[in-house]
Structure formats: C-alpha cells, structure tokens
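With chain A fixed as given, assemble chain B onto it according to the hints.
If you're matching them up, the sequences are chains A and B in order. Counting from 1, one number per residue, gives the positions in the first sequence under our numbering. Counting from 1001, one number per residue, gives the positions in the second sequence under our numbering.
Derived by calculation from the structure, the hints in this document are not laboratory data. Predicted, not measured: the structure shown is a model, and the values here were computed from it. Glycine is no exception: its CB is placed at the ideal position from the N, C-alpha and C atoms. Incorrect hints may have been included.
[What the hints assert, rightly or not] Sample of chain B residues at the chain A side, in silico, Cβ under 7 angstroms:
1. Gly1024
2. Pro1056
3. Ala1081
4. Asp1084
5. Ala1086
6. Thr1087
7. Lys1102
8. Pro1103
9. Ser1107
[As the list claims (entries may be wrong)] Only pairs whose alpha carbons sit at most 25 angstroms apart, straight line, appear in this in silico SDA-like list of lysine to any residue:
10. A:Lys21 with B:Glu1021
11. B:Lys1085 with A:Leu107
12. B:Lys1066 with A:Val110
13. B:Lys1093 with A:Phe102
14. B:Lys1002 with B:Arg1014
15. B:Lys1093 with A:Leu107
16. A:Lys101 with B:Arg1094
17. A:Lys101 with A:Glu29
18. A:Lys48 with A:Gly103
19. B:Lys1066 with A:Pro104
20. B:Lys1085 with A:Val110
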Amino acid sequence: MNDQDIEVFITSFRRYFESIKTDLKVVIEPPYIKDQEMPFLEYTGIIKIDGKAHGAVCFTANGQMLGNILDRLNEAPVNQVLICDLVGEIANTVSGNAREKFGPEFLISVPIVSTDNGGSIPFPADCRNYVIPIIWQSERAYLFVCLSDSVLA
Amino acid sequence: MKLLIVDDSSVVRRAIERDLESVGITDVDQAATGEDAVSLYSTKLHDVVTLDITMPGMDGLTCLDKIMEINPSARVLIISALRDKATAVDAIKRGASGFLCKPISPSDLREAFQLLVED
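Chain A on its own, in the form it takes in the complex (with noise of 0.2 angstroms):
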C-alpha cells in the first residue's frame, strides 16, 4: 500500500459525502500514518479485506455525525440501530468503490460494527495504517485504510 493507493479510498470517501444532500462543503484532510492510538470514534464499521489484499477498511464516527445524515436521508426518528446501520454502510460503499482501482479480486467482507474503540479490528501487524480525515457540518470522522503491500501485486 502506498500513497497513490490511497487516492481511490479519498475519491471514494469524498463520493459518499458529496452525495448527501447539503449546500455545505466536505473537507478532505491529507491523509497520514498512524501505527498506534488511532483515533477511535463512538461508531466503527469495519470492513475486512482479503483476495488481492489483505487487512481492513474502516470508518468511525461519532453518533452526532450520524444523526445528521440520517437525518439528510429522512429517517426519523435516528435510533442507535439505524446509527450502526449506517456506519456499517458507509464503511461498505467507501470499501466496495476501491475496486475501481484494485478490481473484481479486492474482496470486501459484510461489514461489522464496533462501539468498542476498535478493540476488535484486524488490523495486519504488517503494514502501514493510513488516517483520513473528514470534516463534514463541522464534526470530523475518519476513513482507516490498513492493508497489506500485496494489493500492489
């Protein structure tokens, strides 16, 4: 994995974003490497990753975040179920638009939901994990992309 890679997983977070109805803007921070203390929000989604690579994609957020796209999505009332839902979503659209670049054998897993800091995450002892940051009606959220070098091959 390298920062080229990471490009497809920015494009594919900013996709996501853009597509909520709002007239205010999404701000994509620069990407950068975190091997320790990731920085955990209340709601993970967690995608794990195998065929071509090997490791997980994940988005976390806090429920206030969440709150407010459902809200943009006309979901009423938001419940902590619809909030796990979504976050589980999320984190699979932003997985499954990456196989524009890495293709058909870039195969993601259902996605799995963590209120636990993270604690159940696969994360491959091997490699690199990447943070994005996302700054969206003023909360921030995080994109983690922990995959192995394989998805180079």
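For chain B alone, coordinates are given in the frame of chain A:
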C-alpha cells in the same frame, strides 16, 4: 407494480422505498438477505427487484441466479458498492437488467427504474 428491495442495510432499503414512492410505487416488499428475497420472489413474482450484492449468507449474484431460474424474464436492477466493470458485466450476463453503483442519487435511481419499467 410490485417491487422487491433487497439489501442488508435497512437505511438503504428505506431510502430506495422512499425514492420510488415518489414515482407511485407503493406495493413494496423488502428483504435483508438473499434467502428471504428468493422466498419472497417465488411467491409474489415482483415486477422489479432491486438487489444488493454484498450481503450475509447468500450473496446478491447467487440470489440473482435463483431469481432468474424462477423467472427468466425477471427485471432485476443491481444496486451495489462494487464499482468495477467485471462485476457489472458478470451481473448483466447472469440476467440483471441494470447496474447502479452506490452511492446513488434519487434521480439516478428513478431514471434507472423508469428505463427498466419501459423496457
């Protein structure tokens, strides 16, 4: 017009239902798994099916195969996050009538639905 919406995300299912209500589709069933979708389809033979691919248990492409076995003329619109040409081509070869990549806008969905219905 009977519609079956198949997706493991309830947020997505409800968004599709709301968007298509605006074009007069009110006879709607939902399924969260491929197994439930096949069961529902075999009893009601819906006019249109929207179908996700990545789902727990039976995936959407297997579900598509089973729906096409039940009714080779079934109209199935794939709505998936899997944004690669090979998967789209595979789905069309298996009998899907269309393929939309998530995230989808309401206007894209309505346009694809109208094309499917008019076909």
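Check your understanding: Which earlier hints can't be squared with this structure?
Key -> Violated: hints 1, 9.
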